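Student: Sequence order for the protein chains is A and B. Residue numbers for the first sequence, in UniProt numbering: 1 to 83. Residue numbers for the second sequence, in UniProt numbering: 1 to 302.
Any given hint could turn out to be false.
Dumping the calculated BS3-like pairs for lysine-lysine here, alpha-carbon to alpha-carbon at most 30 Å [to be verified]:
(1) B/73 to A/61
(2) B/290 to B/237
(3) B/136 to B/290
(4) B/213 to B/45
(5) A/61 to B/254
(6) B/107 to A/61
(7) A/61 to A/78
(8) B/290 to B/192
(9) B/237 to A/78
(10) A/61 to B/225
(11) A/61 to B/213
(12) B/73 to B/225
(13) B/254 to B/290
(14) B/45 to B/73
(15) B/192 to B/254
(16) B/154 to B/237
(17) B/97 to B/154
(18) B/107 to B/97
To give a feel for the contact side, a few chain A residues facing chain B, derived at Cβ under 10 Å [unchecked claim]:
(19) 10
(20) 38
(21) 43
(22) 55
(23) 62
(24) 63
(25) 66
(26) 67
FYI, nobody ran anything at the bench for these hints, they're computed from the structure. As the structure is a prediction and not an experimental result, all values here were calculated from the model. A virtual CB, placed ideally from N, CA and C, is assigned to each residue, including glycine.
Chain residues, written in single-letter form:
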Amino acid sequence: MNETIRELLTRVGGLPVAVSELEDGADLYAAGLSSFASVQLMLAIEEAFDIEFPDNLLNRKSFASISAIEETVSRILKAREAA
Amino acid sequence: MDMQVSFLDRLFDAGLLIETGVDGLYGRSGQFEDVIAAFERLIDKVGGADGAEAMRFPPGMNREFFETSGYMKSFPQLAGTVHSFCGSELDHMSLLKCMEVGDDWTKDQQATDIVLTPAACYPLYPTVARRGRLPKTGGLYELQSYCFRHEPSKDPARQQLFRMREYVCMGTEQHVTDFRQRWMDRGVEMMKSVGLDVTIDVANDPFFGRAGKMLANNQRDQNLKFELLIPITSTAKPTACMSFNYHQDAFGTKWGLYLEDGSTAHTACVGFGLERIALALFHTHGLDVKTWPENARAVLWG
Numbered sequence: 001m002n003e004t005i006r007e008l009l010t011r012v013g014g015l016p017v018a019v020s021e022l023e024d025g026a027d028l029y030a031a032g033l034s035s036f037a038s039v040q041l042m043l044a045i046e047e048a049f050d051i052e053f054p055d056n057l058l059n060r061k062s063f064a065s066i067s068a069i070e071e072t073v074s075r076i077l078k079a080r081e082a083a
Numbered sequence: 001m002d003m004q005v006s007f008l009d010r011l012f013d014a015g016l017l018i019e020t021g022v023d024g025l026y027g028r029s030g031q032f033e034d035v036i037a038a039f040e041r042l043i044d045k046v047g048g049a050d051g052a053e054a055m056r057f058p059p060g061m062n063r064e065f066f067e068t069s070g071y072m073k074s075f076p077q078l079a080g081t082v083h084s085f086c087g088s089e090l091d092h093m094s095l096l097k098c099m100e101v102g103d104d105w106t107k108d109q110q111a112t113d114i115v116l117t118p119a120a121c122y123p124l125y126p127t128v129a130r131r132g133r134l135p136k137t138g139g140l141y142e143l144q145s146y147c148f149r150h151e152p153s154k155d156p157a158r159q160q161l162f163r164m165r166e167y168v169c170m171g172t173e174q175h176v177t178d179f180r181q182r183w184m185d186r187g188v189e190m191m192k193s194v195g196l197d198v199t200i201d202v203a204n205d206p207f208f209g210r211a212g213k214m215l216a217n218n219q220r221d222q223n224l225k226f227e228l229l230i231p232i233t234s235t236a237k238p239t240a241c242m243s244f245n246y247h248q249d250a251f252g253t254k255w256g257l258y259l260e261d262g263s264t265a266h267t268a269c270v271g272f273g274l275e276r277i278a279l280a281l282f283h284t285h286g287l288d289v290k291t292w293p294e295n296a297r298a299v300l301w302g
C-alpha cells in the first residue's frame, strides 16, 4: 500500500521534492502539497483501492502524511470487511 | 421554501423587485436602489479613511484571467460564459430557421473572450500583478460589481446577478489577517447600527462535487472563511450577508503578487452582498422604509 500511495503521490501530488526522499511521517503540506493536489490524490487513491472516503475523512488530516493516508485507507478497508 | 416564495411574492407585490420570468434575475425599484445606495454610503463612512484605491470593472472579465483563476476547478456549476454568433450569412440563415422551429439555436454559439464576473475582486489580482511589486505598506483596494452565479432559486436572497462590494487587502500574513479581523468587528457594528440581528460563523465556499467536500472541510479546518449571517427567509438557516476570506498566499502565488522584499503577498477580502443586506433590512423592518425604526433611518439617511 505504501508503494502505491507513493506512486500516486508522485503522479498527482505535484510536489517540488522527490517523493522517494520523503519520510512516511513527513508533512505533505509543508512539502508543497496544494489543497487542489490533495483532492486529486484523494480521487486517485479512491480509484486505486476501489474505495470511497466517507465525508468525515475528507479533510486535511487524512492526507497530512504518507502514513496518515495509509492509516485512513486501512480504516476504510477494515470498515468494509466488517460490514 | 414557502417562506422564500412568500417573501419573494411580497417583494414583487410591493414593486421592490421586478419579475423577469427567470428565477434569480430581477429588476430593482428606485426605492430598493436607494437602500443599497444608503448602505454603500455607510460602508464609505466606515472604511473611507483607510485610503483604499477604488476600481470599478464591468460585470464581465477577461476569459484568460478567469481560466488562470482556477474558478472552473472549484465552481464549474456556478460559472457563466458569454457566447456569441460568429458564423457566416449562411450560418445566420440556419440559425434563424432553427429558432423558427423551436430547436436549440444556442448550440453553435461561440465562446467570446468574456466571462461573467463571479466575484468583484477577480479582475483585480492580474491588474495589480501587472504593476510590479507592492509598496511597503501593502495594497488596499475597493471594488463593486454585479456578479453572476448560476444558481436559479426562488429565494430572493440567492440571485443569479447581484452586486458585491469588496475591500481587498494584500500584504504580510499579519497585515491581511488584521484587516480581516477589523472588518469582522466593523461589520457587526454596522449591522447593529441599522437594527439587524447578526451572528458570525466559520463557513466554506460551495465547492463542486465530492472533491469539493474535501476543499470545503479544509477551508473550515483552517478558518479561512467567515460569514456574517442575518435571518432573511429562515431563522434556522440565516443568510450570509458579508464574508471575510483569507486566501493565505494562494492568490499571491497564482498571480505573482510580491511584496517589496520579494516575498509572496498574502491576500484577504471582505465582501458585502448588497442585495442581501437590502433584503435583510426589508425583511426585518418591513417593506415600507418610512416605517423603519428612526435610528436605522438616521444611520442610513441622516
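Student: All hints are to be evaluated individually against the structure, with a verdict given for each.
Tutor: These are the hints, each one checked on the structure:
| no. | hint | result |
| --- | --- | --- |
| 1 | B/73 to A/61 | holds (22 Å) |
| 2 | B/290 to B/237 | holds (28 Å) |
| 3 | B/136 to B/290 | violated (48 Å) |
| 4 | B/213 to B/45 | violated (38 Å) |
| 5 | A/61 to B/254 | holds (24 Å) |
| 6 | B/107 to A/61 | violated (44 Å) |
| 7 | A/61 to A/78 | holds (19 Å) |
| 8 | B/290 to B/192 | holds (19 Å) |
| 9 | B/237 to A/78 | violated (37 Å) |
| 10 | A/61 to B/225 | holds (19 Å) |
| 11 | A/61 to B/213 | holds (14 Å) |
| 12 | B/73 to B/225 | holds (18 Å) |
| 13 | B/254 to B/290 | violated (48 Å) |
| 14 | B/45 to B/73 | violated (37 Å) |
| 15 | B/192 to B/254 | violated (37 Å) |
| 16 | B/154 to B/237 | holds (15 Å) |
| 17 | B/97 to B/154 | violated (34 Å) |
| 18 | B/107 to B/97 | holds (14 Å) |
| 19 | 10 | violated (20 Å) |
| 20 | 38 | holds (7 Å) |
| 21 | 43 | holds (6 Å) |
| 22 | 55 | holds (6 Å) |
| 23 | 62 | holds (9 Å) |
| 24 | 63 | holds (8 Å) |
| 25 | 66 | violated (18 Å) |
| 26 | 67 | violated (19 Å) |
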